[in-house]
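Colleague: As a plain string of letters, each chain reads:
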Amino acid sequence: MQVQTMAAEKLSQAAPPADAAIAIDDVTLRFVTPDGHMMTAIRDFTMTVARGEFACVVGPTGCGKSTTLNLVTGLLRPTTGHVRVMGKPVTDISRDIGFVFQADALFPWRSVIDNVAAGPLYRGIPKAQAYDRARDWIARVGLGRFEKHYPHQLSGGMRKRVALAQTFINQPKILLMDEPFSALDMQTRTAMQDELLGLWSEQKSSVVFVTHDLEEAVALADKVYVLTAGPGTVKSVYRIDLPRPRVMADIRYDPKFVEIAKVIWNDLREEVQLGQSRTLQSGH
Amino acid sequence: MTAISPTASHAAVRDASIAVAEARARARLRRRHALVIGLRLAILVAFLGLWELGADYNIIDPFFFASPSGIWEQIWSWITEGTSQGPLWLQIYVTLEETFLGFAIGALGGIAAGIILGRNRLLADVFSIYIKIANSVPRVVLGSVFIIALGLGMASKVALAVVMVFFVVFANAFQGVREADRAMIANAQILGASPFQITRTVIIPSAMSWILASLHVSFGFALVGAVVGEFLGAKQGMGLLISTAQGAFNANGVFAAMIILAVMALVVEFIITRFENYVVKWRPAPFNEQGT
Chain A
1 MQVQTMAAEK LSQAAPPADA AIAIDDVTLR FVTPDGHMMT AIRDFTMTVA
51 RGEFACVVGP TGCGKSTTLN LVTGLLRPTT GHVRVMGKPV TDISRDIGFV
101 FQADALFPWR SVIDNVAAGP LYRGIPKAQA YDRARDWIAR VGLGRFEKHY
151 PHQLSGGMRK RVALAQTFIN QPKILLMDEP FSALDMQTRT AMQDELLGLW
201 SEQKSSVVFV THDLEEAVAL ADKVYVLTAG PGTVKSVYRI DLPRPRVMAD
251 IRYDPKFVEI AKVIWNDLRE EVQLGQSRTL QSGH
Chain B
1 MTAISPTASH AAVRDASIAV AEARARARLR RRHALVIGLR LAILVAFLGL
51 WELGADYNII DPFFFASPSG IWEQIWSWIT EGTSQGPLWL QIYVTLEETF
101 LGFAIGALGG IAAGIILGRN RLLADVFSIY IKIANSVPRV VLGSVFIIAL
151 GLGMASKVAL AVVMVFFVVF ANAFQGVREA DRAMIANAQI LGASPFQITR
201 TVIIPSAMSW ILASLHVSFG FALVGAVVGE FLGAKQGMGL LISTAQGAFN
251 ANGVFAAMII LAVMALVVEF IITRFENYVV KWRPAPFNEQ GT
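Chains as they are written, first to last, in our numbering: chain A, 1 to 284; chain B, 1 to 292.
Hints in this document: simulated from the structure, not taken from any laboratory.
Certain hints may be false.
Stated by the list, open to error - Okay, derived cross-link-like pairs now, DSS-like style, lysine-lysine, Cα gap no bigger than 25 Å in a straight line:
id, chain 1, residue 1, chain 2, residue 2
1, A, Lys10, A, Lys256
2, B, Lys281, A, Lys148
3, A, Lys173, A, Lys204
4, A, Lys127, B, Lys235
5, A, Lys88, A, Lys256
6, A, Lys127, A, Lys173
These figures come from a predicted structure and were not determined experimentally.
Work out the full structure: start from the sequences and follow the hints.
Modeller: Here it is in structure tokens:
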């Protein structure tokens with residue numbers, strides 16, 4: 001183990017403990033492309049997220065960041081290795097999981113309240129109770145006046161708030177987020193990050209947050225995973241010891257934050273360059 | 001660093017000038033709307049007028065190409081005196097009944113088949129070739145088969161309307177199911193939806209705009225199916241009216257029946273549009289050309 005700075009401690013990878021919220025143990029995932037070739041998405045991938053921990057995954061485009069999330073949901077199965085969620089091997093989509101997508105995954109034909117109530121209704125909770133909870137969650141993300149609006153009538157930031165309420169209403173113990181704020185403008189993104197940290201600290205869920213934005217990762221996370229250019233594997237892991245609660249608008253001017261971001265960027269930069277040169281060569 | 005802020009301007013003056021500009025813009029929109037309607041009416045009047053004049057001066061032979069006044073007289077005599085095969089309303093009713101039955105059966109069948117095949121890769125791969133083959137058969141020809149098999153009554157016309165409608169709706173429903181957003185399906189899955197719930201609450205609503213688009217087209221096809229079926233052999237209906245008029249070299253009769261059919265199609269089209277707006281009220285309002 002190599003200690004880089006006080007605030008950004010580089011961790012060594014060990015086999016995950018049994019009680020971790022998420023344990024991805026030495027996983028390789030290959031799949032056959034439609035034209036019959038074997039593709040390796042990620043290899044020898046190990047990752048542990050403790051209960052209540054906020055982990056961010058950064059890496060160059062196409063390195064398999066989103067794949068790691070789909071392994072946890074069970075939508076993808078590992079070729080070799082094991083994935084455990086709350087101590088149990090992943091067999092099906094777990095009820096403990098919530099997922100916030102990069103793209104707009106709200107149902108455009110449902111109003112805000114119908115979107116938020118979708119989770120409880122799918123899970124068989126009586127209608128009246130589901131709508132009570134939905135109303136409560138809509139108020140918590142500050143959209144009380146927009147219950148009857150349809151998604152297309154809302155701004156991008158408001159739609160993300162709906163997506164957060166839709167996910168948090170199921171009270172997921174595991175929260176997976178796939179570049180959820182990448183399409184938002186700077187101010188909205190900062191507001192949403194604060195919103196997310198607030199909800200997370202109340203709910204005590206374990207989070208895996210995938211992003212290509214290193215500053216976002218450092219600002220949010222307890223732990224940052226840096227992946228190599230595809231096929232992705234963990235290059236290094238950093239523990240971020242910035243005090244909480246963090247205020248997103250201010251943290252980027254914190255000298256400690258700047259220092260950590262610099263250290264990790266040095267690590268990430270060569271992978272990004274490698275990833276870009278490969279993209280240019282393969283023409284994808 | 002200095003913060004630069006605009007100087008306070010005379011707010012009242014500004015508000016007044018905005019109100020004037022808005023009133024002008026509204027007046028301009030109203031004038032344009034009136035212009036569009038006026039031009040539309042002018043074109044209709046000019047077209048009918050030239051046709052009538054041409055027929056009067058024998059530039060357009062009214063024996064072959066009819067004339068607006070002749071068509072109107074024909075329609076009026078059908079309304080007041082009835083047609084050679086009974087009252088006009090009965091003919092319209094018969095044709096509409098065949099059309100609606102064929103449309104409903106064909107559309108429901110097409111939607112069901114589209115969703116089942118769209119949701120099941122294996123079935124889709126197996127059946128796609130047969131659907132292509134069936135779709136390439138000129139379906140109007142099936143009308144003769146149906147007349148032979150099902151007789152001169154309603155069943156043969158309904159069957160022809162069904163096959164006219166089925167493939168259009170099926171193709172659209174299938175495509176709509178396939179185009180359903182992957183992230184949205186995954187979202188529903190993680191929120192806890194069962195496969196049946198996904199079909200009901202994600203797949204069908206997202207295929208709905210495709211299906212509705214096909215309903216517009218396919219109602220016209222159902223009408224064609226019913227009329228062609230009557231043409232080929234029937235005891236009642238608008239198609240028989242046309243074929244009788246054709247046999248008697250009555251051009252006015254053919255045009256009159258055609259106009260009645262067009263009005264029927266327009267009325268139903270209007271109803272379908274209303275239904276569509278009701279079903280997909282969640283959709284952002286499309287950019288609307290004025291005066292429609």
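Colleague: If a hint holds in the structure, say so; if it does not, say that too.
Modeller: Right, here's what the structure says about each hint:
Between A/Lys10 and A/Lys256 the alpha-carbon distance is near 15 Å, which keeps this suggested pair within the 25 Å criterion. A distance of roughly 12 Å separates the Cα atoms of B/Lys281 and A/Lys148; the hinted pair therefore holds under the 25 Å criterion. Only pairs whose Cα atoms come within 25 Å are accepted, and A/Lys173 paired with A/Lys204 is accepted, the gap being roughly 8 Å. Between A/Lys127 and B/Lys235 the alpha-carbon distance is near 54 Å, which puts this suggested pair outside the 25 Å criterion.
For the suggested pair A/Lys88 and A/Lys256, the alpha carbons sit about 38 Å apart, so the restraint of at most 25 Å is broken. Restraint check for A/Lys127 and A/Lys173: satisfied, since their Cα atoms lie roughly 23 Å apart, inside the 25 Å limit.
Checked against the numbered hints given earlier, the structure breaks hints 4, 5 and satisfies all the rest.
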